[in-house]
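Colleague: The chain contents come next:
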Amino acid sequence: MPELSMVQALNAALRHCLAAHDRTLVFGQDVGRLGGVFRVTDGLQHEFGERRVFDTPLAESGIVGVAVGLAMAGWRPVPEIQFDGFSFPALDQMLTNLAKYRGRSRGAYDMPVTLRLPSYGGIGGPEHHSESPESIYAHTAGLKVVTPSCAQEAFNLLVAAIRDPDPVIFMEPKSRYWAKEEVALEPAGLPIGRACVVRAGSDATLVAWGPMVHRCLQVASAAEEDGVSLGVLDLRCLVPLDEATLLTSVAETGRAVVVHEAPRTAGFAAEVSARLMEGAFGSLKAPVQRVTGWDVPYPSGAVEQQYIPSVDRILLAVQRVLDY
Amino acid sequence: MDADRLRETYRLMLLARRYDEEAVRLQRQGELVAFPPMSGQEAAQVASVLALSPADMVFPSYRELGVAVGRGVDMTGYMLAFRGAWNGGLYDCRRNRFAPMASSVGSHLLHAVGWAMGARLDGRDEVAIVYFGEGATSEGDASEAFNFAGVFRAPVVFFCQNNGWAISVPAERQSAGEIWRRGEAFGFPGVRVDGGDAEAVFAATSAAAERARRGEGPTLIEALTHRFGPHSTADDDTRYRERAEVETARRNDPLGRLRARLAASGVPDSWFSDAEDEARLAVSELRASLAAAENPPAVEMFDFVYAAPPPALALQRSQLEELLGPDA
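Note that the protein sequences, when read in sequence, are chains A and B.
Here the first sequence stands for residues 1 to 324, where the numbers follow our numbering.
Here the second sequence stands for residues 1 to 328, where the numbers follow our numbering.
With the rest of the complex left out, here is chain A:
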């Protein structure tokens, strides 16, 4: 198996889908000759031509709006919005149309649109380049929200998202873009909507997605040195949420810490926590803890490591659930 970065694995997934299905289209800002600002679309225009891989004007609402129309015409659009914060100019098309068109047309039109969104912080980016808007999209019925944590998952989930008949907001963790691992480039064939236990543990369960999965694995390694066994659950998909795996994993340990980069208030950890209350209350030995970004606008790059949940902050939360 080749050792690939997440960027290369995503590129391989796009190449696979463009080759396998000739209705697949890749478009957005700088995705053509440049190959994307992160090079995720590197070489695709050269290989598949300007008809199927093309640059667009700098207009995010336009990118998503034409994706809706292209889907109506029977195409399978995979648009890229260059950075998380720039999905906000497209928010109306995403929430008002992309999410609702199947319903508005009473099922006459599929919306097999996979909107790729380089997301989250950790790369010292300027303002608007480090947002974590997953709860906005998870709160919008009609959208699916998928977010890989590593290169292999990125390949599998992007192929699955593009094959899916519904609109998928595909949030790629920029801070993990360059982490390499061996990647099997055979589509796993799994539907989206399955969580993954990435590390088994018996004392408490860390629940995370996207970039915070790696952070939680660091926490679990550190805790192991102190004789504490932490499991790590990678949700992978926030919508649909694999509630069965979530409840089972947490019931096994009776203690849960949910971790995300997004601000705390109304973040997706609140939803996870509520599901655990509703579905695993009898198994809980301690109140569910959240470790999240602070309730502030994403700060300037120089201080972002004081914003993003650190190993120490997560360990403190683990201590709270263990001591309860």
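These are calculated hints, taken from the structure and not from any lab test.
Keep in mind that a hint or two might mislead.
[Claimed, not checked] Derived coverage of chain B by chain A (criterion: at least 3 residues anywhere in the stretch with Cβ under 8 Å from a Cβ of chain A; other residues may be distant):
| # | stretch |
| --- | --- |
| 1 | 85-94 |
| 2 | 116-125 |
| 3 | 147-153 |
| 4 | 297-310 |
What you are looking at is a predicted structure, and each value in this text was computed from that prediction instead of being measured.
Beta carbons: idealized from backbone N, C-alpha and C, even for Gly.
Fit chain B to the supplied structure of chain A, relying on the hints for placement.
Modeller: Below, chain B alone, put in the same frame as chain A:
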């Protein structure tokens, strides 16, 4: 337009007018929740859509009754949207190539452009036409749609019905410039046409559609029209509009203008009274079919959210079904 097509245009404009008047009555009687009347805009709507081919795709806003009539859309399914039965309408949008009606002003221009880009990618000589008002041109999505259409030479006709009012805000508060001129800024032609003149509308739309079909890209048509009524049945236009303006518009009724044109060309009175009888019959059939039509059951709110409902959604559906009992 030849004589047959002119008569057909009149017949459909009259039908649209009578349906429109009936819809207002149905709202007053509590059969519809709200309705945005389009009386006064029949020539713009009917003549433009008749200039297209059946394979072309229509993207309507919510005030496009005349376009729907011209397109042969099932009127019961169309009107049920205004009874709150289903957002977007209950007609067959694929069969009539008439998209679900867009209520988010201006956002559907981009869908038309995307559809047209898709048709061009397929090498099909099909055209999209999108209907919107002058108010919609103030939305950012309208400019983005013009821009994408120009850059990609999308085969799309932008059909703006400038009726002078966006609810209570007059056109001069929407734009300090003339809307039709915006085409040039985006690299394609714009044209202003008398929206009360069915023949002029037909000619302009035909030219725009043929241009698109030849691969030469979009056209922006600004049709100057008047709405005789309020913005919707929930609006009181006497608060913002002089009655004299409405009276002038009614004196220039596009229906009356086309009737005079036809009569001058020798169409007898009996033909007009036959058309009126036909419209009266259609309206009474609509009234009866609406009264007989059931709204989709409440649990269908779950059924078209995703291609297949995720487990959590299926559970919610069963919860509502249980609450509603046999009425679900």
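Colleague: Against this structure, judge whether each hint is valid.
Modeller: Results of checking the hints against the structure:
Remark: the stretch 85-94 of chain B is confirmed as covered by chain A, as 7 of its residues place a Cβ nearer than 8 Å to a Cβ of that chain, reaching the required three. Check on the stretch 116-125 of chain B: 6 of its residues sit with their Cβ under 8 Å from a Cβ of chain A, so the three-residue criterion for coverage holds. Given as covered by chain A, the stretch 147-153 of chain B passes the check, having 3 residues with a CB less than 8 Å from a CB of that chain where 3 are the minimum. Here's how the stretch 297-310 of chain B fares: 6 of its residues keep a CB closer than 8 Å to some CB of chain A, so the rule of at least three is met and the hint holds.
Of the numbered hints given earlier, the model fails none.
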